[in-house]
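K.L.:
Read off the chains here:
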Amino acid sequence: MTTPYRVTLPRVIRSEWTKLRSLRSTVWSLALAVLLLLLLSLLIPLAVVAQLSQMKAGDLARLEAVGPSLAGSLFAQLAIGVLGVLLISGEYSTGMIRATLAAVPRRLPALWAKAIVFAATVLVLMTASCLGAFFIGQSVFASKDFESGFSDPGVARAVLGTAFYITSVGLLGMALGALLRHTAGALAALFGMLLVLPIVFGLLPQSYGGSLAKYLPIHAGEAFASVRGTPEALSPLTGLLVVCLYWVIGLALAAFLLKKRDA
Amino acid sequence: MIDVHNLTKQYGAKRAVDGLTFSVQPGVVTGFLGPNGAGKSTTMRMIVGLDHPTAGSVTVNGKPYAQHAAPLQQVGALLEARAVHTGRSAYQHLLALSQTCGLPRSRVDEVIEAVGLQGVARKRAGGFSLGMGQRLGIATALLGDPRTLILDEPVNGLDPEGIRWIRDLLKSLAADGRTVFVSSHLMSEMALTADHLIVIGKGKLIADTTVAAFIATASGSLVRVRTTDPQALRQALSTSDVAVRDLPDGALEVSGLTTDAVGIIAAEKQIVLLELTPLQASLEEAFMDLTRDAVEFHATAAPHTGAPS
Chain A
1 MTTPYRVTLP RVIRSEWTKL RSLRSTVWSL ALAVLLLLLL SLLIPLAVVA
51 QLSQMKAGDL ARLEAVGPSL AGSLFAQLAI GVLGVLLISG EYSTGMIRAT
101 LAAVPRRLPA LWAKAIVFAA TVLVLMTASC LGAFFIGQSV FASKDFESGF
151 SDPGVARAVL GTAFYITSVG LLGMALGALL RHTAGALAAL FGMLLVLPIV
201 FGLLPQSYGG SLAKYLPIHA GEAFASVRGT PEALSPLTGL LVVCLYWVIG
251 LALAAFLLKK RDA
Chain B
1 MIDVHNLTKQ YGAKRAVDGL TFSVQPGVVT GFLGPNGAGK STTMRMIVGL
51 DHPTAGSVTV NGKPYAQHAA PLQQVGALLE ARAVHTGRSA YQHLLALSQT
101 CGLPRSRVDE VIEAVGLQGV ARKRAGGFSL GMGQRLGIAT ALLGDPRTLI
151 LDEPVNGLDP EGIRWIRDLL KSLAADGRTV FVSSHLMSEM ALTADHLIVI
201 GKGKLIADTT VAAFIATASG SLVRVRTTDP QALRQALSTS DVAVRDLPDG
251 ALEVSGLTTD AVGIIAAEKQ IVLLELTPLQ ASLEEAFMDL TRDAVEFHAT
301 AAPHTGAPS
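As given, the protein sequences belong to chains A and B, one line each in that order.
The opening position of the first sequence corresponds to residue 1 in the working numbering, with each subsequent residue numbered one higher.
The opening position of the second sequence corresponds to residue 1 in the working numbering, with each subsequent residue numbered one higher.
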């Protein structure tokens, strides 16, 4: 018997693309991330410019034009991280996962396809939005002759790095959703890693608090997604590797458990 | 064709499925019966690879389900709990599933029409009634035009018209030569739909038989007899193995003897018989007889809540 209707990775990718587009919550989360990036790239630089004349020399020396124009990335990473969680935990809470795994009984192609579609969509949108945010911000700073050029040292790395960092947070959320299979638990884990742990590490004595804190996702991300690192930060390349390790390990664990557990 | 061999599923201390062995043949509707909690759903989930067996194996058309290259062409499944994202429309749900194996888009329209969801296909599935959800589940099962259908309680939530539609659909699918495996906890429903029965209780196989044979074994012999002299007949029939009871219309109900035996005894004693009819236990009674010891949850009399005596 011929079987023209085989399950292949490209076909499952197409299926996951249909799934991604056909949920209102996905479209809203993505739109929110784009909107926040663009809106804050206007507002924060405007606030900075308004204060510029009253700044002390020390503050002025630390000021740079890229960070304020990408301030929206702090919110965008949360919107994308939550979406990553929901894309998988939503399938478990509604029972959709049973239909998905019955159609793709080898299971892993479904996880890979979901991650590929989500990462590609977010990376494209966030790269465009971060570039847009950068140029909007610089046009504000240009009024005070304070702007950075895209070809200045570290600028391109910071702008594109921010888009990559946000995408990484999304994949981390997806991995947590797949590991914990419950929306509330996965969201708590994600927010804990992104927001709570940095505070907890800040309370520890600098000697070991600081040496560990730089490996947290948000600090490792800053190492490559900002123009100027801090003295205690990781190098941009190490920061990039650490951020990748989070979602690589997360998705690998998720894949192992997806194969092993009952759906 | 589904082959279940020594299938076992352990959840902690509870053995939900316990050494089941049976096969489901193509061309007939096979009913899968058992009281609630008997292990029907767990067995069906193991057939499509959603749950991993603790021991034993199950194959569909010769292979474990997950090893089929084109799974949706092999098995279409409707599992008891809903398996649809509430935020997605019925059309997009079916489209996404059809794309996993490259089915043509026209197939989605075909199954939507086949289950009668044309009017609501573009609406979010979260707003569907139980019956509409069930129809969407059946559309999902039919999507790949599969050789084997596995349906867990398909009539749940359907109105009488929908129930009749399911019955006809199942029969026509079986008549095409497909394997059709349908679970239910209602014997009466199976009697109208199924040709063959697999009965389980507490995870164990109780019967693997045709519907007709199942009734015959379960009911024993029960005979209705009317005579001009009930008193004499009662005396003539009374032995240790035979029970005779009066029916409201004056006839007698005899259990433990066949109609032939009753007729012969009456003739020997020269008792006039006006009516001699074999009675079948109803299917529901037969089912309950068989599974009485295997029911997981028994209802007992409600505790007294009156004033203390």
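Warning: the hint list may mix true and false statements.
[As the list claims (entries may be wrong)] Restricting the straight-line Cα-Cα distance to at most 25 Å, the calculated cross-link-like pairs of lysine-lysine (DSS-like) are:
id, chain 1, residue 1, chain 2, residue 2
1, B, Lys14, B, Lys269
2, B, Lys14, B, Lys171
3, B, Lys269, B, Lys63
4, A, Lys144, A, Lys214
5, A, Lys259, B, Lys63
6, B, Lys123, A, Lys259
7, B, Lys14, A, Lys260
8, A, Lys260, B, Lys269
Hints in this document: simulated from the structure, not taken from any laboratory.
Please read these numbers as outputs of a predicted model, since none were measured by experiment.
K.L.:
Hint by hint, note whether the structure agrees.
P.N.:
Cross-check of the supplied hints:
The straight-line distance between the Cα atoms of Lys14(B) and Lys269(B) is roughly 58 Å, outside the 25 Å bound, and the hint therefore fails. In summary, the hint linking Lys14(B) to Lys171(B) is not supported, as the alpha carbons are separated by about 36 Å, beyond the 25 Å threshold. Distance hint between Lys269(B) and Lys63(B) is unfulfilled; the C-alpha atoms sit about 64 Å from each other, more than 25 Å. Distance hint between Lys144(A) and Lys214(A) is unfulfilled; the C-alpha atoms sit about 34 Å from each other, more than 25 Å.
Simply put, Lys259(A) and Lys63(B) have alpha-carbon atoms about 18 Å apart, close enough for the 25 Å limit, and the pair holds. Restraint check: the Cα-Cα separation between Lys123(B) and Lys259(A) comes to about 33 Å, which exceeds 25 Å; the hinted pair is violated. Restraint check for Lys14(B) and Lys260(A): the C-alpha separation of about 20 Å stays at or below 25 Å, so the hint holds. For a cut-off of 25 Å, the pair hint linking Lys260(A) to Lys269(B) is broken: about 72 Å separates their Cα positions.
Consistency with the previously given hints fails for numbers 1, 2, 3, 4, 6 and 8, ordered from lowest to highest.
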